[in-house]
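Visitor: Residues per chain, in single letters:
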Amino acid sequence: MSFLDFFRDKLKQGAPGDNGNADRGIMVFENTGEVIQAEDVLKREGWEVRVMGPPPEIQSGCDLVIEFPLIEKLNILRTLEGEGIPPLQMVPVTGPLLQPVDIFQVKDFGEYLMVRAANMKLTVEKATGTIVNISGGGCPDVPYLASAMVGKSLRDAPSPREIGHTLCGYSLQLAYEEARRRCLA
Amino acid sequence: MLGIAGTIPMEDVPLLTGRLTMSDGDILIEGRRIPVSRGTSALIGAAVKTSEALGTPEPFGYIVGDIGRGVGSRHLYKHLVDTFAESAFHTFTFHYLQPIVHWHNRLQQVIQEMDKRPVLVADAGFMYVAKMSGHAPMYDLFTPDIGELAFLADEMAPHPFYTRGFILHEENRVADLIARAYEHNNAARFLLVKGEKDCLADREGILCEVDGPVEEAMEAIGGTGDTLTGIVSALICSGMDMKEAAAVAMRTNRLAGYYSRPTPATQIIDIIRHIPRALEDTLG
Chain E
1 MSFLDFFRDK
11 LKQGAPGDNG
21 NADRGIMVFE
31 NTGEVIQAED
41 VLKREGWEVR
51 VMGPPPEIQS
61 GCDLVIEFPL
71 IEKLNILRTL
81 EGEGIPPLQM
91 VPVTGPLLQP
101 VDIFQVKDFG
111 EYLMVRAANM
121 KLTVEKATGT
131 IVNISGGGCP
141 DVPYLASAMV
151 GKSLRDAPSP
161 REIGHTLCGY
171 SLQLAYEEAR
181 RRCLA
Chain P
1 MLGIAGTIPM
11 EDVPLLTGRL
21 TMSDGDILIE
31 GRRIPVSRGT
41 SALIGAAVKT
51 SEALGTPEPF
61 GYIVGDIGRG
71 VGSRHLYKHL
81 VDTFAESAFH
91 TFTFHYLQPI
101 VHWHNRLQQV
111 IQEMDKRPVL
121 VADAGFMYVA
131 KMSGHAPMYD
141 LFTPDIGELA
151 FLADEMAPHP
161 FYTRGFILHE
171 ENRVADLIAR
181 AYEHNNAARF
191 LLVKGEKDCL
201 ADREGILCEV
211 DGPVEEAMEA
221 IGGTGDTLTG
231 IVSALICSGM
241 DMKEAAAVAM
251 RTNRLAGYYS
261 RPTPATQIID
271 IIRHIPRALE
281 DTLG
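So the sequence lines, in the order shown, correspond to chains E and P.
Per our numbering, the first sequence starts with residue 1, numbered consecutively.
Per our numbering, the second sequence starts with residue 1, numbered consecutively.
Do not rely on the hints blindly, as some may be mistaken.
Here are the simulated SDA-like cross-link-like pairs (lysine to any residue), alpha carbons at most 25 angstroms apart as the crow flies [unchecked claim]:
1) E:107 with E:184
2) E:107 with P:165
3) E:107 with P:18
4) E:126 with P:155
5) P:197 with E:184
6) E:107 with P:19
What the hints contain is simulated information worked out from the structure, not anything from laboratory work.
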């Protein structure tokens, strides 16, 4: 690895840590589906980015933003433009951002296991890994996700990240990942 | 009459408006057949069954397809903004809509200007946007589950996805969460909370609780909150006061679940089928 490569990797890591976010920016997108796509692309390319809640002044509804290392603005913009998902805005972080929920609650029903993330619950039959129910949530993709996932196994069901569009869909993705971790390990 | 607005998870369904009935376990509206699954169709199924059992008029629906992109929701918001002032509902229940603050506020403006506004019930995405917009006290009833109650109690969270951990850890302290939601004006006039014990509360605290029958599996079944909202909406519209309607709805929803002999794999239509019997027992 050359010195420049090493330096670039350090820049890519660029996570803010707990002692400030002056070097961080946020990207705002048209909708949550684009946020999820952009997060996938940027993580695949090795960027250290985080999905966060927007500051109050730009909240419009069911929102997510992506926090990124500000110094890499042009490189990231070029990457996203290449994928056809340019952000609406890229602005510096000026205050604390909302943290997505990171607490899971698990309930064991004997033959079934229920995993909850935020307001979303996903229940799996342990013996088969089949998703038997999805409950909670209030955004319109929740019934859609339930109709696409219930009755399928954790291995075969589409992930909420692929077909969801809202924060409830994103919460369900977290529950889905935790259920896979517990049931398919 | 009871009005219901919400989305169904079928992208190709245009805005449908009309009387709601059920046949062979499906919802019928404007000659279209919609299968009952969790979400607004479950709420409608419960409201139709309750209205049939009470002998009150069928609910009137505003239904549109939306799989989360928000296109159908925007169409529905616009239709409501354009037409709601001319409506004359006794009770109106807003349900699965994409939370979009500016559309919510436009609709609220229309409702505020009405000479006689309906009893306003909000659940799911519309409850989220009502809280997010800072207009929660304009509503008569919210019907959160425990996780959503924690969201209402967190004055900083614009969506349940951002409910702070220290508040989520308070979930076994329902009375404290209710008090916190009212303290920050993030609750409707009444809260009907679905949980281990269901309860009705207002700014003064918990008014009544129902804790039986107990079926633990109900927590995992998608749509059991939707059916509770549908039952209570139809009962309010029948002329019951809020406290009686909530007590009957909580008991009926639990009994319908009990009669279905539920497992965590039970589907909501199997519970809706038992609502008439459960309601008869509760009122009997």
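Visitor: Given the proposed pairing of residue 126 of chain E with residue 155 of chain P, does the C-alpha separation stay at or below 25 angstroms?
Guide: Violated, at roughly 37 angstroms.
Visitor: With a cut-off of 25 angstroms on the C-alpha distance, tell me whether residue 107 of chain E and residue 19 of chain P pass.
Guide: This hinted pair is violated, its Cα atoms lying about 40 angstroms apart.
Visitor: Does residue 18 of chain P sit within 25 angstroms of residue 107 of chain E, going by the straight-line distance between their CA atoms?
Guide: Distance of about 41 angstroms is beyond 25 angstroms: violated.
Visitor: Within 25 angstroms, alpha carbon to alpha carbon, are residue 107 of chain E and residue 184 of chain E?
Guide: holds (17 angstroms)
Visitor: Can you confirm whether the C-alpha distance between residue 197 of chain P and residue 184 of chain E stays at or below 25 angstroms?
Guide: violated (33 angstroms)
Visitor: Is the Cα-Cα distance between residue 107 of chain E and residue 165 of chain P 25 angstroms or less?
Guide: OK: residue 107 of chain E and residue 165 of chain P at ~18 angstroms, within 25 angstroms.
Hint compliance for this structure: hints 3, 4, 5 and 6 are not met, and every other hint is.
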